[in-house]
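Keeping their order, the protein sequence lines are chains A and B.
If you read the first sequence in the working numbering, its first letter stands for residue 948, the second for the next number, and so on.
If you read the second sequence in the working numbering, its first letter stands for residue 292, the second for the next number, and so on.
Just so you know, these hints were derived from the structure itself, not from any lab.
Where a beta carbon is used, it is the ideal one built from N, C-alpha and C, also for glycine.
Mixed in with the good hints, there may be bad ones.
For each label pair, taking beta carbons as the anchor points, the in silico distance ranges come out as [claimed, not checked]: (1) A:Ala1085 with B:Arg586: 38 to 44 Å; (2) B:Asp380 with A:Gly1089: 37 to 43 Å; (3) A:Glu1249 with B:Arg586: 54 to 60 Å; (4) B:Gly583 with A:His1120: 49 to 55 Å; (5) A:Thr962 with B:Trp720: 40 to 46 Å; (6) B:Lys384 with A:Arg1082: 35 to 41 Å; (7) A:Phe960 with B:Trp720: 41 to 47 Å.
Only some residues are given here: those of chain B computed to face chain A with a beta carbon under 10 Å [what the hints assert, rightly or not]: (8) Lys418; (9) Ala678; (10) Glu750; (11) Ala752; (12) Leu755; (13) Gly757; (14) Gly759.
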Amino acid sequence: MAKLILNRLSKAFETGGRPAVNDVSLEVRDGGFLALLGPSGCGKTTVLRMIAGFEQPTDGAILLGDRVLADAGEMVAPEHRNMAMVFQSYALWPHMSVADNVGYPLKVRGISGNKKKAKVREALNAVRLEAYADRRPADLSGGQRQRVALARCLVTEPDVVLLDEPLANLDRHLRQEMEETFREFHARSGATMIYVTHDQAEAMALATDVAVMSEGKLLQVASPQEIYARPEGRLVGGLVGQGAILKWPAASAKNRLLDWENLQQLLSSSDSAECADILVRPQDVEISGEGMPATVTSVLFEGERYALKLTLGDEQILRAFSRQPVQVGDKVSIILRSAWRL
Amino acid sequence: MFRSQNRGNSQPRWLFSFVVMVIFFLSVLPLGRLAMTGISSAFDGGARELLSDPAVWQAVYDTLTTSFLGMIAAVILGGGFALLLTLFDVRGKTALGFLFMLPTMIPPQVTALAWIGMTGPSSALLKAIGMAPALGSPQPLYSIGGIALLYGVQNAPLVFLSLRAGLLALPRDGVEAARLSGASSWQVLKDVILPLSLPGFVAGAAIAFVSCVGNFGIPAILGIPASIYTLPTLIYSKFAAFGPGTFGDVSLLSGLIAILSVIGLTVEERVLRGRDYRVIGLSGQVAMFRLGNWRLLGELVLWLLIFIMLVMPLTALIASSLAPAYGVPLTPATATLDAYREVLFKQAITRTAFVNSVFLSLATAVGLLVVTVLTGYYLVRSKSRLAPVLSALAEIPYALPGIVLAVALILVFAAPIPIIGISIYGTIWIILIAYFSSFFAVSLKPVVSAFRQLDPSLEEAARLSGAGFGRRLIDIVVPLVAPAAGASVILVFLIACNELTVSAILWSAGTQTLGVAIYNLDDSGSFNLAAALSVLVVIMVIAMMLVLELMAKKLPKGVVPWRS
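This is chain A alone, in the form it adopts within the complex (with noise of 0.2 Å):
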């Protein structure tokens, strides 16, 4: 196994219109987790549908250790290339059985008898479906198509497995349980995972390696904690976390953490200064006796605490916690302790 590059990949269709996929340069290690995030149309799912050879890119090449996959001029076909996919309609044949599915790609490699018995039990054992395995694709629930899907992608042991949104069909308790699988699969197989999803929680949750697309361009690849701790630009910001983003006078600050106190002189000495976007989660707004005049325009009773969103005196939206009950209407003042400069 190896490195999976991208290299400078672009993907522009017949039909015109902005390239699907503009510019994008990408390393994913050996055994790496990527998630590729982003709103939907951002050209995660075309990078991904090149990477498994459905899609030949117009620029660019795609590398797996020293082996040209795809660029311009070629491509590997799909049936070459020893990689595994889980689909958003995960694709299941109707007229095989669960055993059967599972089987399939080593019956395409010739391995037959005790041998592919073998392996298709170990790969329904790894996703707890050895009882299923006589059973129809139609009559099971969706989980348990998700994880037929997933024990097809584990049978061969593929270079670099894909999986395009493959929680978005699933309520939201079976996506945690099949994150929770996910994540045993990648420890289990050590292949090279790479995931399309617009969710960030998702994202952050599975991935060892995020990257963050928008109108077919890569704004940012990081981990996890880098891309929620320092994102870049807005798009990224907006879309990592749930904070909100406001105008401050901080374009001529010198660092981008920003604590209180640098806000709070940002604000009071240069009031013509220029203006720059800042990111602020609603953990780092605090509810004090003191700090700028805000107004609770909603409130949401989430259990353990209330999620307000206020207007500051210049019409800006924030977002806070609080643990006491607000009312809407009430005027509060905030101290913000921390904050991001974009």
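With chain A's structure known, arrange chain B on it following the hints.
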């Protein structure tokens, strides 16, 4: 390392060439050849001679009158049925719909024979119940009106289907909004439903017209005895009296038919193009109108029409087949199965015809399936701009009347095939090729609908599993489109088995089909044998339609032509 330049497409490179070759040989080559011969004979003076022949203009006139009157009859019958069955709360809709669709699947020459058996002085049925007109009185169906009436009966289902598809797509909320605005049932029908279903009416009428123009079975049996010739029967008679100018003449006449058909098809296409606005809003479930006290009357009218259009002619057909000889009255004592014994076991010609038709239909249905699975796969999966063009070219041979195609194939194969030097003219193989060409679109349609419903990720998953094209086709694609493929085989078999127009032009001794055998038996005066053979054909048609009807629930929408 395996590399390819197929740009991420799932198809091997040879597939495109294969599809282009198939469509070239089945569609472009014969029709192109026909056009060339037509144009060249138009320039070398043959055209002037042909066009100065008053018989040709009489045939054009008769074709247009019969087709136009037939179209009107079809619109009245089919339109009325579609409105009543789709919009109103009559009972037994499924049965009525199925029975109403039957006439279009019964071969036209059988319809003609059945109706002859029902009317006229020598009708076995009328004699049996003592209502036959006096001997020597004319057979009323041997006339322009008779031909038009049968055209109407035969093609009413086409209007029915077209209008019904439109009515089923009507936005239900539009109807409900009109109701809430205070419109009465009648006003809703007049102001909302009829204007919106007008395209369905016009399109259905246009297809019915094209179908009438190309019909051979009905004018051959009803028109020729009265010396009424339509363009298809004129072509047939030109071939019967073969001469040096025949090829030029028939290609010009086929050209005339093709032009009339293209006009009709263009009207249909134009009208249906504006249909998109219909999908706005909820559709699928039709607003129901209650007939109240009128329901029983409505149902009576519908069943009476079924009785006249279907039950009576078929009873007459059975009566004719049981009559001992032409003109002998049928009573329980004289009824005999001799005719059946004769056609099934004694007559070598009918046995040959059975064997030929079954062979041709099976070979066409199964052979075409192999071609259409590959072609359908290409047409659905390809992102190429050529795909829509190819799919339009594949449709043309079926859209044009069969006689045009038969003439085109004669022109292609009259001379020995270049390179191998074998002539297939006059053999069964030319009929087989004509069937392939003619029914390509019939076979393709169910397969294409199945492919369109197939989630592409099912095949992509197989690709990532390592399966190449052939492997995927066998393991994944074919099993998943199997029900539609089965329907396609039955449908092609059904239509090919009943076909007369193409084989009437292309047959020679030893290669007659069932359609030709029925026509020849009637032509030589063995009416009871023709009737017996027809009864057998009708039984076969009904049996196969029932099989398709039972399969219908498992098939993609639009596969079974009489369901919508």
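Hint check:
Distance hint check for Ala1085 (chain A) and Arg586 (chain B): the Cβ-Cβ separation is about 41 Å, which falls inside the suggested range of 38 to 44 Å. Between Asp380 (chain B) and Gly1089 (chain A) the C-beta distance comes to about 39 Å, which sits within the given range of 37 to 43 Å. Taken as a hint, the range 54 to 60 Å holds for the pair Glu1249 (chain A) and Arg586 (chain B), whose Cβ atoms sit roughly 59 Å apart. Distance hint check for Gly583 (chain B) and His1120 (chain A): the Cβ-Cβ separation is about 52 Å, which falls inside the suggested range of 49 to 55 Å.
Judged by the Cβ atoms, the range 40 to 46 Å given for Thr962 (chain A) and Trp720 (chain B) holds: they are separated by roughly 45 Å. Against the hinted window of 35 to 41 Å, the Cβ-Cβ separation of Lys384 (chain B) and Arg1082 (chain A) comes to about 38 Å, which satisfies the hint. Against the hinted window of 41 to 47 Å, the Cβ-Cβ separation of Phe960 (chain A) and Trp720 (chain B) comes to about 45 Å, which satisfies the hint. A distance limit of 10 Å between C-beta atoms decides the matter here; for Lys418 (chain B) the minimum to chain A is near 57 Å, and the interface restraint is violated.
For Ala678 (chain B), the interface hint is violated, since its Cβ never comes within 10 Å of a Cβ in chain A; the closest pair sits about 13 Å apart. Against a cut-off of 10 Å between C-beta atoms, the interface hint on Glu750 (chain B) holds, since the closest Cβ of chain A lies about 8 Å away. Contact between Ala752 (chain B) and chain A, as hinted, is supported at the beta carbon level, the nearest pair being about 4 Å apart and thus within 10 Å. Interface restraint check: Leu755 (chain B) against chain A, minimum CB-CB distance 5 Å, threshold 10 Å, status holds.
Contact between Gly757 (chain B) and chain A, as hinted, is supported at the beta carbon level, the nearest pair being about 4 Å apart and thus within 10 Å. Hint on Gly759 (chain B) holds. Least Cβ distance to chain A is approximately 6 Å, under the 10 Å limit.
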